[in-house]
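Protein chains: 2
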Amino acid sequence: MKLVPEHMELAFTEAVAAGERGEVPVGAVVVSPAGEVLARAGNRVKELSDPTAHAEILAIRKACRKIGSERLVGCDLFVTLEPCPMCATAISYARIRRLYFAADDEKMGGVHHGPRIFSQPTCHHRTEIYDGLGAERARELLRRFFRDRR
Amino acid sequence: MKLVPEHMELAFTEAVAAGERGEVPVGAVVVSPAGEVLARAGNRVKELSDPTAHAEILAIRKACRKIGSERLVGCDLFVTLEPCPMCATAISYARIRRLYFAADDEKMGGVHHGPRIFSQPTCHHRTEIYDGLGAERARELLRRFFRDRR
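From first to last, the protein sequence lines stand for chains X and H. My numbering numbers the first residue of the first sequence as 690 and each following residue consecutively. My numbering numbers the first residue of the second sequence as 690 and each following residue consecutively.
Just chain X, with the same shape it has in the complex (with noise of 0.2 Å):
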């Protein structure tokens, strides 16, 4: 497998600026399978009084209005954190088929952790996951932000 890590980059580019904004430094991208970039997007819960801005649900949101389906059929999603089980469901939903996350969130996943969602005998559709791409630098952003905000 070939992993693609310029729009692993372009996630991070977008949970930095997430960050910067006072938000919780998670970013995310859709491509098609073309390899366009369709959607990308930062965490906004705190700039949009939106519990569920989450950067994915931001991307996935974009991407749909622009191809106008709510289905992402053969597209990509790349995050630089764990989903948490919102977006999980709202990714399988779409029909991704790939995800894409840099670093593992044992406290709020939804993919590895928690309640696993891609596992549930009722998940309908199952996105192949790829982990570990730019983890520690997921983990650094998070720890440095966190830390400055204490």
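Source of the hints: derived by calculation from the structure; they are not laboratory data. Any given hint could turn out to be false.
For chains that are exact copies, the list does not tell them apart, and a pair is met inside one copy or across any two.
Said to hold, decoys possible - Straight-line C-alpha distance at most 30 Å; calculated DSSO-like pairs for lysine-lysine:
#1 Lys796 to Lys735
#2 Lys796 to Lys751
#3 Lys735 to Lys755
Here the structure is a predicted model, which means the values were calculated and not measured.
Got chain X; can you put chain H on it based on the hints?
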């Protein structure tokens, strides 16, 4: 515990309207601690080309925008169907106090079924759950919707 049937009635009004738009007929209402209806919404997944546009998510986002906070502390949510894992997680993030839902959803539900979001050790806010109010009516609405589309 006193149930508040008029709020569930309003959720049913939204569900019926969603069905008439060709969307899966589910409706949701957010009620403030003082009993004011902060937001009401029906499913708009097809209309908005948005896989996250479930009634609950739309109602929570509207209510949050209205009060200018990503937390709906002390607010209650009335839904005609058991929320899915995405919506259940959003309900927890929004700090909804009480969730009232009508019919169980064996296939897609995430409260009493599937990942049982509020029972996960990683769930940090456990909404109180009251189910069954109008269950048969909600089931009949869904049955008729899916029968008519065949």
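Results for each hint:
no.	hint	result
1	Lys796 to Lys735	within (20 Å within a copy, 33 Å between copies)
2	Lys796 to Lys751	both (27 Å within a copy, 28 Å between copies)
3	Lys735 to Lys755	both (25 Å within a copy, 14 Å between copies)
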